[in-house]
Amino acid sequence: MTPPRSSKLRVWRLLRPHWKSLTLALLAVLGGAVADLLQPWPLKIVVDNVVQSKRLPGRLDTLVASLFAGDRYATVYFAVATVGLIALVSAASGYAEKSLTTKVGQWVAHDLRLTLYQHIQRLSLAEHTESRTGDLLTRLTSDISAIQDFITSALLGSVVNVLALAGMIGVMLYMNWHLTLVALATAPILVMIAFVFSRRIKKASRAVRTKESELLSGIADVLSSIHLVQAFGREDYEDRRFASDSRENVEAGLQARSTKATLSPAVELTVALGTGLVLWYGARLALSGQLSAGELIVFLAYLGKMYKPMRDLSKMGDTFSKAVVGYERVEEVLDTESRVRDTPGARAAPPFEGRIEFDRVSFNYGSAPVLKDVSFSVEPGQVAAIVGPSGTGKSTIANLIARFYDLSAGQIRIDGQDVRQYTLKSLRDQISFVLQDTALFHATIWENIAYGRPTADPEDTVRAAMLANAHDFIMQTPLGYATMVGERGATLSGGQRQRIAIARAIVRNTPILILDEATAGLDAASEQAVIQALDNLMKGRTSVIIAHHLGTIRHADVIFVLRDLEVVEHGTHESLLAQRGVYADLWRMQSEDATAS
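For the sequence shown, the working numbering gives the first residue as 146, with consecutive numbering after it.
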């Protein structure tokens, strides 16, 4: 199947920066091919000219006679020196070709991996929700490594083999075209073997990659939830599940190896058949005086060299098929367009004042409706709370403001302008998040606080930590702000992680702030410290609070109540209680639960 034009262009763009190295490698390949062509001739000179005293063909006889004037020992020395020179050229060419192709392979893999990583980061949350981490990791590592292996070992290697094969056939036709046709009789069989097995190997390679992706995805799921696994005592179950996935991966690998292992004997048997035919026919020609012993020896030497590239090209299907599968899997991701991207004509957003408007907004996730005809507005500097029963789309509203998803209908405006008129980066640069599931990196406390604004001064970072009620516990850690927090902040408590996240939002200093269940799951002391920090954070900003615990939002300027996909009530805490509606019912239930506990 012919690759699509976009694939060819992408491959060309990857190789183009390395054209100088590839050109030098190609010259080295040509040098090696010439050396291979010349390699049998010293043997012919010794056998025919020295041992049997026969004249050499054409200009070669004139050259040897003029140099050595019939001195047989001098001719032998010349042949030996020629063998050494040919070997030197072959070795130097091989070293240069391998060094250059390795360099190109490494950098192409780097460029492709970087391109893929950048693309993955810019896919919308919808694409990430539908993907598995292990599958993306496999494409970033194993699939790109397969492409790198092909460039390093087979890209110019195939050129070498084609050139060597063409040269060998040309010389052999010149020596004896009848014998050459006999030698080529098995070529169609080798081509058929290569074609059949390349398709089987490609299918097997794709199965291996799929199983590797499933295995890595399972590992990622368990390691990211190891606390849950241990809390529920499910280690044995996860052991069995991993063992099952690993066995399937082994079976897929063995199937691929079995397919490849079958290829080698098939090629070798075909080569042996061709060699036997040439030996039989060549011996007949030699016995009838139509071919000299030296010519037969040289022809057999060329035959071995002709079959080597044919053999290599046949077996190269394994490396090529793996690379094709890897590239196809990488392309599947690169060709995936983000569902949320800059609209044509989008411009950089000006500094926001912070007025947020939802105008008859509807949103479906797939075919499932999440929001329907939602309208509300938040004035600059106001604190607005979004409340309602679970599953009513509260967090969806937060995600829509920053365009993590696009609307199904309606319009969201900031300062009177549709958010889709702004570039994603300029929009999100003016919005800060503090989420329930705080994301911290395996880095220092300082790096985690400054993540949203890497250029922040140390003084700004410390000031933000103080406002977030985080400075005191930070200074109690072994290295203060230079302390590593562990993967996902594992060395910190939930309240400490939240205060680091609040400090990060303070440093970022954006006009719009979104808090999504920022105090959920905290004990009373931690919750109080976080609430104080949030009060410091929200001063002078338009703040949207997604909350389940109503006690944390009773002082909000306006509260919007969601139920059945819609905003059914809005007002202050006191006015909503007076309405005796949904909010009042939620407040009463939470108050009763608090009293009972």
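I should point out that these hints are in silico values taken from the structure, not numbers from a laboratory.
Please note that a few of the clues may not be correct.
Unchecked claim - Cut-off 25 Å, straight-line C-alpha distance, at most; resulting in silico cross-link-like pairs (BS3-like, lysine-lysine):
#1 Lys165 <-> Lys243
#2 Lys405 <-> Lys348
#3 Lys453 <-> Lys243
Going through the hints against the structure:
With a C-alpha separation of about 15 Å, the suggested pairing of Lys165 with Lys243 holds against the 25 Å cut-off. Our distance criterion of 25 Å between C-alpha atoms is met by Lys405 and Lys348, whose separation comes to about 12 Å. Distance hint between Lys453 and Lys243 is fulfilled; the C-alpha atoms sit about 18 Å from each other, no more than 25 Å.
This entry satisfies every hint, going by the numbered hints stated previously.
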